[in-house]
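Undergrad: Below are the chains, spelled out letter by letter.
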Amino acid sequence: MTYNDSIFAAIKAIRVNVLRSVLTALGIIIGVAAVIIMIAVGAGAQSQVDNLIKSLGSNLVLVLPGTTTSGGARGARGSRPTLTEDDAIAIQNEIDTAQVAAPVVRGSGQLIYGNQNWSTVIYGVTPEFKEAKEWKMKDGRWFSRDEVRSAAKVALVGKTIIENVFEGIDPVGEIIRVKRIPFTIIGTLAPKGETPMGTDQDDTVIVPLSTAKKRLLGGRRLSGKLVRTIWVKSYTAEGVDESVRAMTELLRQRHRIQPGQPDDFYVRNLSQILQARADSSRVMTLLLAAVASVSLIVGGIGIMNIMLVSVTERTREIGLRMAVGAKGIDILLQFLIEAVTLSLIGGIIGVILGLMGSVGIAEIGGWPAIIQIESVFLAFGFAATVGIFFGFYPAKKAAMLDPIEALRYE
Amino acid sequence: MLGDTTVHALREVDLEIYEGEFVAIMGPSGSGKSTAMNLIGCLDTLTSGQFLFEGSDISNLTPDELATIRNEKIGFVFQSFNLLARTTAKDNVQLPLLYSGTPRADRVRVAENVLKEVGLGDRVDHHPSQLSGGQQQRVAIARALVNGPALILADEPTGALDTRTGIEIMSLFQKLNATGITIIIVTHEADVAQFANRIIRFQDGRIISEENNKESVNAEELLQNFKPVDRAG
Chain Z
1 MTYNDSIFAA IKAIRVNVLR SVLTALGIII GVAAVIIMIA VGAGAQSQVD NLIKSLGSNL
61 VLVLPGTTTS GGARGARGSR PTLTEDDAIA IQNEIDTAQV AAPVVRGSGQ LIYGNQNWST
121 VIYGVTPEFK EAKEWKMKDG RWFSRDEVRS AAKVALVGKT IIENVFEGID PVGEIIRVKR
181 IPFTIIGTLA PKGETPMGTD QDDTVIVPLS TAKKRLLGGR RLSGKLVRTI WVKSYTAEGV
241 DESVRAMTEL LRQRHRIQPG QPDDFYVRNL SQILQARADS SRVMTLLLAA VASVSLIVGG
301 IGIMNIMLVS VTERTREIGL RMAVGAKGID ILLQFLIEAV TLSLIGGIIG VILGLMGSVG
361 IAEIGGWPAI IQIESVFLAF GFAATVGIFF GFYPAKKAAM LDPIEALRYE
Chain H
1 MLGDTTVHAL REVDLEIYEG EFVAIMGPSG SGKSTAMNLI GCLDTLTSGQ FLFEGSDISN
61 LTPDELATIR NEKIGFVFQS FNLLARTTAK DNVQLPLLYS GTPRADRVRV AENVLKEVGL
121 GDRVDHHPSQ LSGGQQQRVA IARALVNGPA LILADEPTGA LDTRTGIEIM SLFQKLNATG
181 ITIIIVTHEA DVAQFANRII RFQDGRIISE ENNKESVNAE ELLQNFKPVD RAG
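Residue numbers (this note's numbering), protein chains in the order written: chain Z, 1 to 410; chain H, 1 to 233.
It is possible that part of the hints are untrue.
Listed next, the stretches of chain H that the computed footprint assigns to chain Z, with coverage defined by at least 3 CB atoms under 8 Å from CB atoms of chain Z [claimed, not checked]:
hint : region
1    : 63 to 70
2    : 97 to 110
3    : 201 to 214
4    : 218 to 226
Below, simulated DSSO-like cross-link-like pairs (lysine-lysine); rule was C-alpha separation at most 30 Å, straight line [stated by the list, open to error]:
hint : chain 1 : residue 1 : chain 2 : residue 2
5    : H       : K73       : Z       : K12
6    : Z       : K136      : Z       : K179
7    : H       : K116      : Z       : K396
8    : Z       : K159      : Z       : K138
9    : Z       : K397      : H       : K73
10   : H       : K90       : Z       : K12
11   : Z       : K12       : Z       : K136
These are computed hints drawn from the structure, not numbers from a lab.
Positions of the beta carbon are idealized from the N, C-alpha and C atoms, including for glycine.
Hey, can you work out the whole structure from these sequences and the hints?
TA: In structure tokens, the structure reads:
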């Protein structure tokens with residue numbers, strides 16, 4: 001009996017009891033669908049996180065100043081400026097894994113253009129900032145080192161400002177007042193979207209660090225070379241941990257912190273934080289994995305059950321087949337192939353439902369779900385394995401029948 | 001082909017059946033005739049003694065080796081036909097060919113030819129439920145014939161049929177016997193046994209009589225004189 005014949009025979013046997021077969025395969029159907037949805041949801045969540053990390057700037061860590069302590073009461077994090085431009089230069093120059101270190105000051109202020117005005121976030125940065133944040137230009141140019149050195153009154157604006165203040169006018173070359181001081185707009189920024197915390201990254205004016213400190217955001221707390229934060233980008237994701245370790249050591253040394261004393265700065269690994277958030281979406285994935293494995297096992301037991309019923313029902317047929325020359329292996333294969341065919345049909349239906357479910361979850365539920373083609377093969381593999389595993393016992397039982405007894409069976 | 005075959009079965013049973021014979025095995029239930037038939041059909045094995053099939057001792061063959069002999073040498077016909085439901089006559093007849101590894105195209109051709117031989121050339125695609133009892137038994141006989149067996153073993157082949165149809169089936173067996181196929185029929189009906197050339201009677205696990213039936217009835221002639229009144233049989 002060739003495999004073709006066996007598969008034909010199996011399909012025929014299954015068609016005899018369509019409803020029974022479908023009900024039997026239900027466990028497999030649900031299990032396979034759950035596997036596919038699980039993987040799609042997992043992949044979707046991961047890709048959402050990857051995109052967020054990319055939008056923030058990959059391999060990026062944020063160095064914040066530490067806290068003040070006055071009379072035992074600790075101030076908020078970053079309340080005591082301790083970081084300087086020189087710290088940034090030292091990090092970039094002395095740490096091998098660090099690609100760039102960008103010192104940043106930040107504040108808010110009012111923009112005025114013509115009869116429009118807008119309150120926004122002002123960043124004072126150096127050209128390293130562009131590299132660290134991987135922030136692309138839409139139009140115009142980034143400011144040069146000379147312009148930073150000379151504290152030129154030039155500015156870059158983000159998409160939200162262009163839309164709300166300029167309303168169709170090309171902003172490049174226009175003069176805008178930032179905190180009443182006129183700046184020339186030399187470029188516009190490509191849209192970057194929101195941060196995971198919901199801040200609009202495009203509602204931003206970027207000016208040279210020196211200009212910001214001298215004219216916009218200066219004052220006692222940011223005097224001299226003090227800066228608010230330093231963004232440090234590593235060359236590779238693997239290098240991030242080494243950068244954190246090395247810069248912690250470097251900054252402690254530069255800030256003359258004695259061993260045993262706490263750091264006067266704080267390093268935040270953004271990718272890590274985001275990844276941790278992504279891991280919480282694994283709960284959903286784990287839940288689906290549990291559903292999938294339980295369904296596949298229950299489905300397998302269902303198949304074993306129905307195959308045992310089938311073997312009993314068809315005892316005479318088995319006896320006849322043996323009488324006309326079927327060997328034990330022929331009978332074994334016939335029932336095994338039937339069980340596997342049954343579970344693979346369940347697998348096909350499950351794949352279809354799983355794909356539809358993934359699309360449904362993405363469209364209706366708003367969950368990010370990305371269908372992985374590998375998951376289809378994986379799910380199919382599961383279905384086939386379940387069929388073989390749970391189909392073997394009934395098939396073996398059929399093959400062990402005594403032909404005389406089987407022929408006489410009523 | 002079945003020459004020199006000696007069957008030791010049951011208790012002190014010594015039986016030889018020769019190639020080309022038409023033998024009827026008779027006896028009441030429990031007489032051991034079914035056991036004898038299972039042994040001859042290579043479905044059962046001896047606990048002691050010897051069974052020669054075509055001159056070779058097959059007492060110690062494995063179940064798979066016996067399956068091959070059944071497939072190649074023996075055709076079975078049962079009282080209740082044992083056809084697969086929801087399967088066409090053609091596919092039922094092909095069943096033994098599945099296990100002899102015959103290619104699909106050949107199987108269909110051979111099955112159709114054999115069905116023609118038993119007079120069902122126009123019923124190849126019918127399911128058992130669409131056929132009369134006699135036609136179903138003909139399909140079963142075609143299935144027994146399809147591998148070109150040396151021996152056909154029929155267990156009460158007319159038991160589920162009316163008298164006339166039964167005689168028709170016996171006529172078919174006589175025709176097959178005339179082509180050289182050995183036929184063994186197990187029956188408890190003396191009327192059916194009369195078609196055989198030799199009648200062996202079992203009782204309590206022993207052979208109690210063995211007679212050559214020189215005046216065996218020709219089923220074909222009987223059919224011509226058959227009165228419709230007797231149909232109820």
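Undergrad: Give a verdict on every hint.
TA: Status of the hints after comparison with the structure:
1. 63 to 70: holds (count 5)
2. 97 to 110: holds (count 5)
3. 201 to 214: violated (count 0)
4. 218 to 226: violated (count 0)
5. K73/H with K12/Z: holds (29 Å)
6. K136/Z with K179/Z: The given pair, whose Cα atoms are some 26 Å apart, holds under the 30 Å limit.
7. K116/H with K396/Z: Cα-Cα ~38 Å, so violated.
8. K159/Z with K138/Z: holds (9 Å)
9. K397/Z with K73/H: holds (27 Å)
10. K90/H with K12/Z: It holds: about 15 Å lies between the C-alpha atoms, which stays within 30 Å.
11. K12/Z with K136/Z: Between K12/Z and K136/Z the Cα gap is close to 63 Å, so the pair fails against 30 Å, i.e. violated.
The structure shown violates the earlier hints numbered 3, 4, 7, 11.
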